[in-house]
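Participant: So the protein sequences, as listed, match chains A and B.
Counting from 1, one number per residue, gives the positions in the first sequence under my numbering.
Counting from 1001, one number per residue, gives the positions in the second sequence under my numbering.
Treat the hints as calculated values from the structure; they're not laboratory data.
Since no wrong hints were added, every one of them can be taken at face value.
Only pairs whose alpha carbons sit at most 20 Å apart, straight line, appear in this in silico EDC-like list of lysine to aspartate or glutamate: (1) K441(A) <-> E1023(B); (2) K1131(B) <-> E1119(B); (3) K1022(B) <-> E438(A); (4) K1022(B) <-> E432(A); (5) K368(A) <-> D425(A); (6) K1022(B) <-> D1050(B).
Pulled from the structure, derived: some chain B residues nowhere near chain A, Cβ distances all over 12 Å: (7) E1075; (8) K1078; (9) R1125.
None of these values were measured; they are calculated from a predicted model.
We put the beta carbon where it would ideally sit given N, CA and C, even for glycine.
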Amino acid sequence: MVKLPIYMDNHATTPLDPRVLEVMLPYLREDFGNAASRNHVFGWKAEAAVKKARQQVAELIGASEQEIVFTSGATESDNLAIKGVIEFYKSKGDHIITLKTEHKAVLDTCKRLERIRQERLDELKALRLSELSGQDVTEDNLAELAAKYDVENDAVYQKWAERPTGGARVTYLDVEKDGRVSLEKLAAAMTPKTVLVSIMFVNNEIGTVQPVAEIGALCREKGVLFHCDAVQGIGKVPFDVEAMKVDLASITAHKMYGPKGIGALYVRRKPRVRIAPIIDGGGHERGMRSGTLNVAAIVGFGAAAELARKELAEESARILRLREKLRKGLTDALDMTIINGSLEHRLPGNLNISFAHAEGESLMMGIKDVAVSSGSACTSASLEPSYVLRALGVDEELAHSSIRFGLGRFTTEEEVDYVVELVVDKVRKLREMSPLYEMAKEGIDLKSIEWTAH
Amino acid sequence: MAYSDKVIDHYENPRNVGTLDKEDPNVGTGLVGAPACGDVMRLQLKISDDGLIEDARFKTFGCGSAIASSSLVTEWVKGKTVDQAMTISNKDVARELSLPPVKIHCSVLAEDAIKAAIEDFKKKRAARQAKAS
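Start from the sequences, fold in the hints, and give me the full structure.
Facilitator: The following block contains the structure:
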């Protein structure tokens, strides 16, 4: 009998590998030293452990240890990469290109930079209008004065606006139907002001693997830096910063069976990439990220990286076989199922599937002993389904009917068999209860009905 | 998010799931919500000529709270007169099922479904009477 509950949400986080925990334990006990303490054995031990872990993480991605900056996780790494590049290269340009399907850590960082730029432009506009009109510019008369003096086309204002604002302009590219970026569209979006492209390695919802090597080559050719949020793919799909010409890469330990709260940013040395820090202090991590190092977590990160490197090929093949068993089991037994995102360019452990006319949240309620995720955001205040599925052009009803299965290192064949049987049974039950399934079976075009949106 | 015991009970043992003949002159059908919003409820009421609700059936596409809300109202309306059924409000449904604020729209849909089904029945009856006279 299979043990419940079953964990199939390995994109959210992965369990800590017991072998990783073993390596960490001494650093939570007797080897508690501060890696920055240069004058005693406690510090030296910690420093040596961090150095080893840095090599292990570097080796996983084909980097050198001097290129690894430890952070609190991938959200911080994404913030550091994007804000750090924009600040450091502000005299060169301020344009970022990213995708609509990126993680919120990238999208919201970009949105903040856009806001900063807009606020700065608004200040400059008010200043120029004050000069032109000889009046104090307030919120009340701003619009009126702006129209009167046509400030947008004022040569002086335009010159001021070309100066660095501390923020950025951002292009959010659409993806193709399979979730991948079009290289032609990426190239076309580049301007002389473009300093950074930020595109993820593997999407966290649909598991789509982006053509990272092609993106890297294009960016290198155009002299644009390339940041890659590589969180979901590292340790599961081969990733090499040299071969793929990646300049900055965000990684986190807890998606590869390491501990939470530790991540890294890879920052290329040759040709050298510079970033301004976002956390100031004691100058740790070569000034790029101050703060006492979390030695035990870093040691765990290193151990997890080494395991991932050694076991990647075998593990990915095993997980892919299980994923295909799950996919075939579900799609053979059920009609009206749709796989979201490319099947070919896909993380081995990801299955994102819509069961038409069976709502995702109620399906999750029916399989409560199986931990998965849904693209239905019925629980959130917005009622908006997944923005990633919407960006693929997935119909809203199908987005509400989507389930994300995330298989991992500890997923077993018995678990997959159990999940197939359970999900098939629950989808059938929900469809028996679904007016939409009945109507679809009767051949009614659901699009032809005038629904009362609420 | 944790569901209340009553929501779980209705979700696991939904009452009165099914379809009535929508061509039957005594059957009123209410279809409310939208697939794009993630909830669609269809409530069907079989109403006698003197306005008594003799039977009720539902089918719902939606979350557990939406299914529970529609299942609950089928129980409530059976045996009531049309006028009594019209007084059932979403607040009663939300209270009975202890719905959290983000799920209040499910109870609103259930109320709308009752009203839509009765409306449909009344329209049919009016059409029939117009034909007869």
